[in-house]
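A.B. asks: Could you put together the complete structure from these sequences and hints?
In this text, residue positions in the sequence shown follow my numbering: the first is 3, and each later residue adds one.
Hints were generated in silico from the structure; no laboratory data involved.
Just so you know, not all the hints are guaranteed correct.
[Unchecked claim] Pairs of lysine to aspartate or glutamate, EDC-like flavour, derived with a Cα cap of 16 Å:
(1) Lys325 / Asp55
(2) Lys365 / Asp174
(3) Lys379 / Asp389
(4) Lys141 / Glu100
(5) Lys309 / Glu327
(6) Lys379 / Asp367
(7) Lys216 / Asp233
(8) Lys379 / Asp402
(9) Lys325 / Glu59
(10) Lys113 / Asp290
(11) Lys19 / Asp233
(12) Lys79 / Asp233
(13) Lys79 / Asp51
(14) Lys141 / Glu107
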Amino acid sequence: MALKIDDLPSAIRQAKKELRAALPNYRQVFAEVEEAISTEARRIASQRDRGEDVIPEIQFSDITEQRVAADQIAVVKARGACVIRNVFPRALVQSWDEDIANYVERNNLDKHLENRAEDKYFGQLASSKPQIYGVYWSKPQVLARQSASLTEARVFLNRLWRNESGGQVHFDPERVPVYADRLRRRPPGSASLGLSAHCDGGSVERWIESNFRKVYRHVFAGNWRDYDAFDAAFRPDVQEIASPAVCSMFRTFQGWTALTPQGPGDGTLQLVPIANSMVYILLRALQDDVAEDDLCGAMPGRALSIKPEFHAPLFEALSSIPKMEAGDTVFWHSDVIHAVEDEHKGAGYSNVMYIASAPACAKNDAYLKRQLPSFLKGESPPDFPADHFEVDFSGRATADDLTPLGKAQLGFDL
Numbered sequence: 003m004a005l006k007i008d009d010l011p012s013a014i015r016q017a018k019k020e021l022r023a024a025l026p027n028y029r030q031v032f033a034e035v036e037e038a039i040s041t042e043a044r045r046i047a048s049q050r051d052r053g054e055d056v057i058p059e060i061q062f063s064d065i066t067e068q069r070v071a072a073d074q075i076a077v078v079k080a081r082g083a084c085v086i087r088n089v090f091p092r093a094l095v096q097s098w099d100e101d102i103a104n105y106v107e108r109n110n111l112d113k114h115l116e117n118r119a120e121d122k123y124f125g126q127l128a129s130s131k132p133q134i135y136g137v138y139w140s141k142p143q144v145l146a147r148q149s150a151s152l153t154e155a156r157v158f159l160n161r162l163w164r165n166e167s168g169g170q171v172h173f174d175p176e177r178v179p180v181y182a183d184r185l186r187r188r189p190p191g192s193a194s195l196g197l198s199a200h201c202d203g204g205s206v207e208r209w210i211e212s213n214f215r216k217v218y219r220h221v222f223a224g225n226w227r228d229y230d231a232f233d234a235a236f237r238p239d240v241q242e243i244a245s246p247a248v249c250s251m252f253r254t255f256q257g258w259t260a261l262t263p264q265g266p267g268d269g270t271l272q273l274v275p276i277a278n279s280m281v282y283i284l285l286r287a288l289q290d291d292v293a294e295d296d297l298c299g300a301m302p303g304r305a306l307s308i309k310p311e312f313h314a315p316l317f318e319a320l321s322s323i324p325k326m327e328a329g330d331t332v333f334w335h336s337d338v339i340h341a342v343e344d345e346h347k348g349a350g351y352s353n354v355m356y357i358a359s360a361p362a363c364a365k366n367d368a369y370l371k372r373q374l375p376s377f378l379k380g381e382s383p384p385d386f387p388a389d390h391f392e393v394d395f396s397g398r399a400t401a402d403d404l405t406p407l408g409k410a411q412l413g414f415d416l
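C.D. replies: This is the structure in structure tokens:
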């Protein structure tokens, strides 16, 4: 179900009244959080500026051989992100990139883009025009999603979460449903604006909706040190305000797979690698310098914008991901702040497939039932603008291209 709010300013005022009443020392608690987060952000910035890796990296072979050490996992959970190297053979991914280029050119996608729907999801961000294509069902995308290797990587990521508590199982980490998402194809020399810092998976809902409040129950009770970003309790139960490009599945990690080599300066991904930075964001909005009907600029149905005027300490840790090769993947926790560099100063295309990690749960099964007809018809999935570019595209993936695993991940058996 989608959350509906008729009078947002009133709802925000009421939410702040309730949250402050439950946490009368909200100023003192935020001061503690600000000091802790600022210290961590400065530490990350110092590491980055010394040339050290601030985004942990894992070899896919270490996942398959169960060689990922406990201290590596601890860093991934602290940073809320990781790069997984060599998930796919480089030659295979290079062929996929060529296939996608042929697919979009053969079907005159550029002509279709002239009439595309505006999702406005990134509309309030200072930089808001990434070169993202509304293509979901090319054969390489479908083959990558159903691959055994990427599935194994995502099961590993799902298992980083605590999926059972209070006698309740919140999700099944072993089953990885498909959340069909788009492509980014960014030519060299482009400066068409990337994406300003933001979070997905909820904006004003995080303060207003009852299950979101339960997700962040320790934060809103002032016990912020007890908050665990990897505790899945209540997360599959939250309700979002419906809007094109607002994700209505529960994703343990957002992610993408590199189709081309790319690195810092190539118009690539930037992260604030602090898994619990949402603690700062939530409590910042309750402070007295923020208008009573405002949540630091959060807008319904949009990405949750992170702004220098409200969240300055977090920007110190904003770091570009390391150099990626074709076949590498990067994943970041669904609450982690991320951005895309404005300019692509590199020499080649910077291309990716957005493929997230999601587990099986009732919320996600419900989405699969809505998404499956989109696949069968070649339409845009339910969460995205209704462009439906691919309905008549030649070479689009069909059910004949699916393995048994691929059919299960798309919900054929539900």
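A.B. asks: Sort out whether glutamate 100 lies within 16 Å of lysine 141, counting only the CA atoms.
C.D. replies: It holds: about 12 Å lies between the C-alpha atoms, which stays within 16 Å.
A.B. asks: Can the restraint linking lysine 216 and aspartate 233 be considered satisfied, given a maximum Cα separation of 16 Å?
C.D. replies: holds (11 Å)
A.B. asks: Holds or violated: are the alpha carbons of lysine 365 and aspartate 174 at most 16 Å from each other?
C.D. replies: holds (12 Å)
A.B. asks: Could you grab the alpha-carbon distance between lysine 79 and aspartate 51 and see if it respects the 16 Å cut-off?
C.D. replies: violated (22 Å)
A.B. asks: What's the verdict on lysine 325 and glutamate 59, does the C-alpha distance respect the 16 Å limit or exceed it?
C.D. replies: holds (11 Å)
A.B. asks: Going straight from one Cα to the other, do lysine 379 and aspartate 402 come out at no more than 16 Å?
C.D. replies: Holds - the C-alpha atoms of aspartate 402 and lysine 379 are around 13 Å apart, at most 16 Å.
A.B. asks: Does the alpha-carbon distance linking lysine 309 and glutamate 327 stay inside the 16 Å limit?
C.D. replies: The hint is violated at about 31 Å.
A.B. asks: Taking 16 Å as the top limit, are the C-alpha atoms of lysine 113 and aspartate 290 close enough?
C.D. replies: violated (49 Å)
A.B. asks: Please work out if lysine 379 and aspartate 389 have their alpha carbons no farther apart than 16 Å.
C.D. replies: It holds: about 13 Å lies between the C-alpha atoms, which stays within 16 Å.
A.B. asks: Would you mind confirming whether the straight-line C-alpha gap from lysine 325 to aspartate 55 stays at or under 16 Å?
C.D. replies: Satisfied, since the Cα-Cα distance of roughly 11 Å is no more than 16 Å.
A.B. asks: What's the verdict on lysine 141 and glutamate 107, does the C-alpha distance respect the 16 Å limit or exceed it?
C.D. replies: holds (14 Å)
A.B. asks: Sort out whether aspartate 367 lies within 16 Å of lysine 379, counting only the CA atoms.
C.D. replies: violated (19 Å)
Hint compliance for this structure: hints 5, 6, 10, 11, 13 are not met, and every other hint is.
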